[in-house]
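In the numbering used here, the protein residues as written are 1 to 253.
Everything labelled a hint here was simulated from the structure, so no lab data went into it.
One or more of the hints may lead you astray.
Stated by the list, open to error - Cross-link-like lysine to any residue pairs, in silico, SDA-like; alpha carbons within 20 Å at most:
#1 Lys-115 with Lys-92
#2 Lys-153 with Asp-55
#3 Lys-221 with Asn-7
#4 Lys-92 with Lys-54
#5 Lys-221 with Leu-24
#6 Lys-243 with Lys-76
#7 Lys-154 with Leu-140
#8 Lys-153 with Tyr-130
#9 Lys-54 with Lys-76
#10 Lys-243 with Thr-172
#11 Lys-54 with Leu-24
#12 Lys-153 with Val-44
#13 Lys-179 with Ser-125
#14 Lys-115 with Glu-134
#15 Lys-76 with Lys-15
#16 Lys-154 with Gln-49
#17 Lys-219 with Asp-55
#18 Lys-76 with Leu-140
#19 Lys-154 with Ser-125
#20 Lys-76 with Met-37
#21 Lys-76 with Leu-24
#22 Lys-179 with Gly-201
What the hints assert, rightly or not - Distance windows between CB atoms, simulated:
#23 Lys-15 with Ile-245: 20 to 28 Å
#24 Ile-119 with Lys-56: 22 to 30 Å
#25 Thr-212 with Asp-139: 15 to 23 Å
#26 Pro-228 with Met-157: 42 to 50 Å
#27 Phe-14 with Pro-220: 17 to 25 Å
#28 Asp-147 with Asn-25: 41 to 49 Å
#29 Pro-111 with Lys-221: 44 to 52 Å
#30 Ile-245 with Lys-115: 31 to 39 Å
#31 Thr-93 with Lys-219: 45 to 53 Å
For every residue, glycine included, the Cβ atom is placed at its ideal position computed from N, Cα and C.
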Amino acid sequence: CSITDENTQWFVNFKVLIEETYALNENQPVTLIAHSMGGPMSLVFLQQQTRAWKDKYIARLVTLAGAWAGSAKAVKVFAIGDDLGSFALSGKTMRAEQITSPSLAWLMPSPLFWKPDEILVQTQSRAYTYNQLEEFFDDLQYRTGWDMMQDNKKYMMNFSPPDVEVHALYGTNISTVEKLYYRKSKGLDGTPELINGDGDGTVNLRSLQACTQWRDKQKPKIYTMELPEVDHMAILSDSRVIKYILDLLLPAN
Numbered sequence: 001c002s003i004t005d006e007n008t009q010w011f012v013n014f015k016v017l018i019e020e021t022y023a024l025n026e027n028q029p030v031t032l033i034a035h036s037m038g039g040p041m042s043l044v045f046l047q048q049q050t051r052a053w054k055d056k057y058i059a060r061l062v063t064l065a066g067a068w069a070g071s072a073k074a075v076k077v078f079a080i081g082d083d084l085g086s087f088a089l090s091g092k093t094m095r096a097e098q099i100t101s102p103s104l105a106w107l108m109p110s111p112l113f114w115k116p117d118e119i120l121v122q123t124q125s126r127a128y129t130y131n132q133l134e135e136f137f138d139d140l141q142y143r144t145g146w147d148m149m150q151d152n153k154k155y156m157m158n159f160s161p162p163d164v165e166v167h168a169l170y171g172t173n174i175s176t177v178e179k180l181y182y183r184k185s186k187g188l189d190g191t192p193e194l195i196n197g198d199g200d201g202t203v204n205l206r207s208l209q210a211c212t213q214w215r216d217k218q219k220p221k222i223y224t225m226e227l228p229e230v231d232h233m234a235i236l237s238d239s240r241v242i243k244y245i246l247d248l249l250l251p252a253n
C-alpha cells in the first residue's frame with residue numbers, strides 16, 4: 001500500500017481546503033506550513049498540481065524539520081521499535097504497531113541521498129548496505145516492510161521541485177542515528193548500538209537539507225534557516241520559528 005493509495009481522499013480534501021481558504025480571505029494565496037513527513041507529503045501534493053493552480057493559490061511552503069529524503073531512524077524503528085522518548089513505553093512493544101505503517105516505509109532513507117554501498121546495519125557476521133535492505137527485511141522476518149518500501153519507491157524517486165517558494169527551517173548539531181551496530185550478535189537479535197551523525201535527533205542532516213537541491217531547478221526561491229541544538233519536536237514551539245512565520249504572514253508594511 002503506497003502513501004497516496006491511503007491518502008487519495010485526503011489530497012482531494014486538502015485541495016478543496018486551500019481553494020476555500022483562498023476565497024474566504026479575499027483571494028489571498030495560501031501559505032502551507034508542514035512538519036516532518038508533512039514536507040514530503042506537501043511535495044507529492046504540489047507535484048500533482050498545475051503551475052497555473054500553484055501560481056494562483058499558493059504563496060509559499062514553510063517546512064519545519066522536513067524529512068525530505070527519509071531518515072535512518074526508520075531503519076531503527078523496523079529493527080527495534082521506538083519508545084517515542086517516553087520511559088513509560090517499550091520500544092519493543094511499540095514496534096509491533098509501528099512497523100505496520102506504510103508511512104514508516106516511505107520514510108526509509110532515500111536512494112537519491114544514500115549511496116548503494118552505504119552500510120546501514122552491521123552485525124558481527126555481516127553488513128547490510130542500502131542495496132541489501134531486502135535481505136535486512138527478510139532477516140527481520142518482515143517481508144511486508146520491503147513490499148511497502150517498493151510500493152512507495154516512485155515517491156521516493158521523484159524529487160522534482162514543488163515549483164513554489166520554499167522556506168525550510170530545521171535543527172542541527174544533535175546526535176541522530178545513521179547506522180545500527182549489533183556489536184554482540186551475529187544476527188538481528190539483541191539491542192544494537194546506535195552510531196550517530198548530525199541532524200535534529202530524528203532526521204539526518206542530508207535529508208533536512210535535501211530541498212536545497214531545488215535552488216537551480218525552479219524559479220521560486222528556496223530559503224533555509226538552521227537552528228543549532230533545536231530538536232525535531234522542539235522546533236514547533238521555538239520562538240524564532242514562530243517569529244519567522246509571523247514575519248512571513250504579517251509583513252511590516
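Results for each hint:
no. : hint                             : result
1   : Lys-115 with Lys-92              : violated (29 Å)
2   : Lys-153 with Asp-55              : violated (28 Å)
3   : Lys-221 with Asn-7               : violated (28 Å)
4   : Lys-92 with Lys-54               : violated (43 Å)
5   : Lys-221 with Leu-24              : violated (27 Å)
6   : Lys-243 with Lys-76              : violated (34 Å)
7   : Lys-154 with Leu-140             : violated (24 Å)
8   : Lys-153 with Tyr-130             : holds (14 Å)
9   : Lys-54 with Lys-76               : violated (37 Å)
10  : Lys-243 with Thr-172             : holds (19 Å)
11  : Lys-54 with Leu-24               : holds (17 Å)
12  : Lys-153 with Val-44              : holds (13 Å)
13  : Lys-179 with Ser-125             : holds (16 Å)
14  : Lys-115 with Glu-134             : holds (15 Å)
15  : Lys-76 with Lys-15               : violated (34 Å)
16  : Lys-154 with Gln-49              : holds (17 Å)
17  : Lys-219 with Asp-55              : holds (12 Å)
18  : Lys-76 with Leu-140              : holds (12 Å)
19  : Lys-154 with Ser-125             : violated (33 Å)
20  : Lys-76 with Met-37               : holds (17 Å)
21  : Lys-76 with Leu-24               : violated (44 Å)
22  : Lys-179 with Gly-201             : holds (13 Å)
23  : Lys-15 with Ile-245: 20 to 28 Å  : holds (22 Å)
24  : Ile-119 with Lys-56: 22 to 30 Å  : violated (47 Å)
25  : Thr-212 with Asp-139: 15 to 23 Å : violated (35 Å)
26  : Pro-228 with Met-157: 42 to 50 Å : violated (32 Å)
27  : Phe-14 with Pro-220: 17 to 25 Å  : holds (20 Å)
28  : Asp-147 with Asn-25: 41 to 49 Å  : holds (43 Å)
29  : Pro-111 with Lys-221: 44 to 52 Å : violated (27 Å)
30  : Ile-245 with Lys-115: 31 to 39 Å : holds (35 Å)
31  : Thr-93 with Lys-219: 45 to 53 Å  : holds (49 Å)
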